[in-house]
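Enquirer: One letter stands for each residue in the lines below.
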Amino acid sequence: EADIYQTPRYLVIGTGKKITLECSQTMGHDKMYWYQQDPGMELHLIHYSYGVNSTEKGDLSSESTVSRIRTEHFPLTLESARPSHTSQYLCASSESPPGGETQYFGPGTRLLVL
Amino acid sequence: KNQVEQSPQSLIILEGKNCTLQCNYTVSPFSNLRWYKQDTGRGPVSLTIMTFSENTKSNGRYTATLDADTKQSSLHITASQLSDSASYICVVSDRGSTLGRLYFGRGTQLTVWP
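Protein chains in written order, with our numbering: chain A, 1486 to 1599; chain B, 61 to 174.
It is possible that some hints are incorrect.
[Stated by the list, open to error] Derived EDC-like pairs (lysine to aspartate or glutamate); straight-line CA-CA distance at most 20 Å:
| id | chain 1 | residue 1 | chain 2 | residue 2 |
| --- | --- | --- | --- | --- |
| 1 | B | 61 | A | 1544 |
| 2 | A | 1542 | B | 154 |
| 3 | A | 1542 | A | 1564 |
| 4 | A | 1542 | A | 1523 |
| 5 | B | 117 | A | 1586 |
| 6 | B | 61 | A | 1527 |
| 7 | A | 1516 | B | 154 |
FYI, nobody ran anything at the bench for these hints, they're computed from the structure.
From just these sequences and the hints, can you work out the full model?
Expert: Structure below.
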C-alpha cells in the first residue's frame, strides 16, 4: 500500500463554498498530480508539480488551484464550488521521470456540490 | 490523436474462471504500458508495467501481454477471486522522460460472482 493520503474521503457542500482537498505523501516523491475522474470515465490530469514551488495545469481545464510549499503536501483549492465540480479527485505521486515511473495514487476524495 | 481504448466495458464472470481484458492504443511514440487495478472508492494500484521490448509480464494470477507492432495489450486473470472485482485501467506513456505524459483508458469493470 502506497503512503499517500487524501482528506476528506467524502465531502458534500453547497454551491459557492470554498473548499480545500488535502493530499500528503511520505515517500519523498518530487512529482505530484491531481486527477479528476467521473464514474465510468478515464482519469483526466488537472494539475501537476515537479517539486516545491512548481505547479502546472494539466490537460483538463479546471477552475481549481494548487500549491506546493512542501515536498510532501499538494493541496487543491476550489474558491467557489459549483455542481459541475461534482466528481472524484485523485492525488498521485511518483519519482522522476513521470513517464517512466509508476504513479502511486491516494484513495481519492468524492465531492458532491449541491 | 493519442488514444487508449479498452474492451469490454464491463464483464461478469464466476469465481474460479479465467478472463482476458483488452487494450488497444494509438499513442506514439510509445514508452511503456501499465495495467492498474482500481477498487471501488479507492485509487488505482499498479499491477504491471511493460516497455517496448517486453511482450509478457506476470504478477501472481495477473499476466499482461504486449504486442507493440499491433499496439495491443491484454490482461489475463487466472482462477478469478471475489477480490478481483474492480475496474482495470490500461495506461500508456508516450515517452520515458520529464516531458512524458500518460494516456488513460476508461477501464473494464470486472465483477466476479460466487
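Enquirer: Given the proposed pairing of residue 61 of chain B with residue 1544 of chain A, does the C-alpha separation stay at or below 20 Å?
Expert: 14 Å, holds
Enquirer: Within a Cα-Cα threshold of 20 Å, do residue 1542 of chain A and residue 154 of chain B meet the stated pairing?
Expert: 19 Å, holds
Enquirer: Going straight from one Cα to the other, do residue 1542 of chain A and residue 1523 of chain A come out at no more than 20 Å?
Expert: Holds, because 19 Å separates the two Cα atoms, which is no more than 20 Å.
Enquirer: Is the Cα-Cα distance between residue 117 of chain B and residue 1586 of chain A 20 Å or less?
Expert: It holds: about 16 Å lies between the C-alpha atoms, which stays within 20 Å.
Enquirer: Are the Cα atoms of residue 1542 of chain A and residue 1564 of chain A separated by 20 Å or less?
Expert: 16 Å, holds
Enquirer: Is residue 61 of chain B close enough to residue 1527 of chain A, meaning Cα to Cα at most 20 Å?
Expert: Answer holds: residue 61 of chain B to residue 1527 of chain A is near 16 Å, not above 20 Å.
Enquirer: Take the C-alpha atoms of residue 1516 of chain A and residue 154 of chain B, compute the straight-line distance between them, and say whether it is at most 20 Å.
Expert: 17 Å, holds
Checked against the numbered hints listed earlier, the structure breaks none of them; every hint is satisfied.
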